[in-house]
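Here the protein sequences come in this chain order: A and B. Per this note's numbering, the first sequence starts with residue 1, numbered consecutively. Per this note's numbering, the second sequence starts with residue 1, numbered consecutively.
Everything labelled a hint here was simulated from the structure, so no lab data went into it. No experiment lies behind these values; they were computed from the predicted model shown. A hint or two may mislead.
To be verified - Label-pair distances were calculated between CB atoms; the ranges are:
no., chain 1, residue 1, chain 2, residue 2, range
1, A, Pro396, B, Glu393, 36 to 42 Å
2, B, Pro167, A, Arg419, 54 to 60 Å
3, B, Glu299, A, Phe320, 41 to 47 Å
All C-beta atoms in this analysis are idealised placements derived from N, C-alpha and C, irrespective of residue type, glycine included.
Read off the chains here:
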Amino acid sequence: MERQATPASPVTSGGLPLDGVRIVDFTVVWAGPFASQILAEWGAEVIRVESTKYFQPSTRGTMAHPPKALIDSGALRGYPDKEPGDRPWNRWAGFSVHSRNKLSMTVDLNTEDGQEALERLIRTSDGLIENNAVASMDRVGVTWERLSKINPELVMVRMPAFGLTGPYRNYRTFGNHMEALVGHYSLFGYAGASPADSGLNIMADPAGGAAGAMAFMAGMLQRRRTGKGVQIEVATADGFANYLGDYVLDYGMNGRLHEYRGNRDSVFAPQGVYPCVGDDRWVSITIGSTDQWKALCGAMNRADLAGDARYQEADGRRRFHDELDAEISAWTSGVDATEVMNSLQGLGVPAGVVMNEADAYGDPHLNARGYWEELEHPEAGTHRYPGVVWKAEETPNRLRRAAPRLGEDNEYVYRDLLRYTDDEYRRLEGLGHIGMDYDPSIP
Amino acid sequence: MVNRSVAVDLPLQGMRVIDLTWYTSGPFCTRVLADYGADVIKIERVGVGDPARSMPPFQDDEPGLERSGLFMFLNTNKRSVTLNLKDMEGRDILLDLIRGADALVENFSPRILPGLDMDYQSLKAINPRLVVTSISNFGRNGPYRDWNGSDLVLYGMGGPMLNTGSPEREPLKTAGHTPSFQVGAMAATATAIALWGSGANGRGEHVDVSYLETFMGLVDRRTTNLVNYEYAGDISTRPPLANSSGTGIWPTKDGGYFYTTVVAARWAAMARMIGQDGLANDPEWNDPVWRSAPDRIDEFGALVISWMIERTKTEIRAAVEEARVYGAPINTIADVLRDEHLLERRFFQELNHPTTGPLTFPGYNFRITTTIDGEAALPPRLRAPLLGEHTDEILHDDLGLTTDNIEALRVKGVV
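Work out the full structure, taking the sequences as your base and the hints as a guide.
See below:
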């Protein structure tokens, strides 16, 4: 691989395990960006490859130029002080959280100049990560056949929803649809209700993100041993089927298709989410043992329930779950959610506030752990963000830079990394490859 | 005897992981590491093993240590050794195994390992390059460190549960053990990154993965809603699913449901897909503000339903792919097991087990498809170990104990 003296990156990562690992990032929406968020968090130099001529919905916002009316009505959210600003794509909450620590370059891959820039970038990088429809990547020449010839040490992670092969290879969905297709929506819901009442759930995206980052590390570890690049396919939908493994086994073992059971558990009883004082305030409680049941009865000041022979074992508590839910709700309805949590946890009973955003930012435990971190962004201002996902005792880690503005690192990438001359840089700027604004025609 | 040194080139081949995990999150983590080639040695309690062995589903609904589908799913590709860690000899055997290991994964509550004199600093003293991954409810410090948790309690605190379910009802948890499995997946990724670091500099690491912070960092709405609150002060809710024209879960001809989500750029395509070219070309309907009024949502929804109800889930899936509208059928597990795409990709794997006979298992999270030398073969999967199945093999082959030594330990209840 062609390696020259490394120019200083705009996002420094000295001391982190992935320091010195450069990743070309074509990820969009959630699953892919979450994978590269994790890799950037632990020191990789992640360069987002974007275009001023195409706006991928749900990545830097729903729309490039959102009408103020949609923001005022609450239909579009995520802008500081509900103001889209001159460049809304640099101010959107979704992007600013998963793209912290990353770099952004712009290029139009539908031209020869763009393809030349891509080749230079691949030559100087360790890996590539993307989560687009297979046909979209084929169209812009992002294929293993081509890129592995340019850089035989490339670790290439492909994350199309349904994989690189098979009938659904070009089928586009979001995480909630992947979950529907692999069975999740048939398994979570209110007892007796329609799946529509289950509302939105998009866990396939974080699942895909964790798998994508793991896949990249697997590729790197393989390359360390063999010296050779590798292509890894993370079919996000297939991967989520693993999260339903025990249901697949139950079907095979007992022919059982589960019915909705709300928040109840197959082992612990009672278990549920109970209303507390205030609007949309809830506490979750799980009773995992008879001792915990007695402790709950004590907190409720209900010696009669504690002594009731029917409720001594989980089986009995499950049989009378509706009655117990009514008793617990009657108690929690008059108490503050945080007070329920603190008093039950003090007695060893698993209980937790169903936290909203204010609870989370104010939570004493998260604050004591230093979870929230402040970042300054030139267009979005200074704000506190969710912190590094896990901690490492030997390697203290903090967020290093706010999410990049569109094209923010063009100078570094084109001039320092890819060795474009001033003349070439200005020419590419003139052609619209290099820029910091979307084409005004994009809605 | 299961031979682990198969000639399949896997990324973590040659790495040994001592697995002190139980229940669900930790075993999911080591399952991922084992799937990609690590030699995972699962340490289990003598006689009872991992509590997941006693958790449903069971073969024929009959409990038994070798009958749990949950355990069988979580522990494929691993080896099992039984050890009594409260016994000095048992503890010494574990320390001997740790000396030769690359990583140790545990999900005990944070007080347990220090209580066994096996805190990270002690382990580091005997193996300076060891990666220790600790999974816990709330992390290794802070005021909630010793609090109890469950999937429901922790997902409700950390995750987007407040945003899941009906606006008319209580918040709703995702299915089964899915929250724990996400924590396990994240812990596997964390372990791999730490292994990369220790391989480069020879220094070990102690990784602290918590349920609470894993869920708080979920890209599924949670982080966006948190930052939106920080940006604009909004507390999020459970929005109705049908919050824009064309988004909803609709009944189909074959008695199932189909889920569509319409982004602004694909609304006209959806109108054309359901035969409403007039609406697709209507300037008023093309205004996303105009069509997001509740009456318009209902009006368009009625048109979607009348189109859906005349078609099967399979027909609708093909139509949404053609129109590039986002959507998918609500499938049951039975539907998933016969899905043409997953079958063609040979996603599911059949494994034989002495208790159950052959059973179908979900396949790999991700696949190494191509190396510079050509196509890579899918690795086979080995069934979950019986309790203590590999005790003799590992104590003999790795620690040099004789059959007599091992028998003596067994009589004393150490193994």
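So, going through the hints one by one against the coordinates:
no.: 1; hint: Pro396/A / Glu393/B: 36 to 42 Å; in the structure: holds (41 Å)
no.: 2; hint: Pro167/B / Arg419/A: 54 to 60 Å; in the structure: holds (56 Å)
no.: 3; hint: Glu299/B / Phe320/A: 41 to 47 Å; in the structure: holds (45 Å)
In terms of the numbered hints stated before, the structure departs from none.
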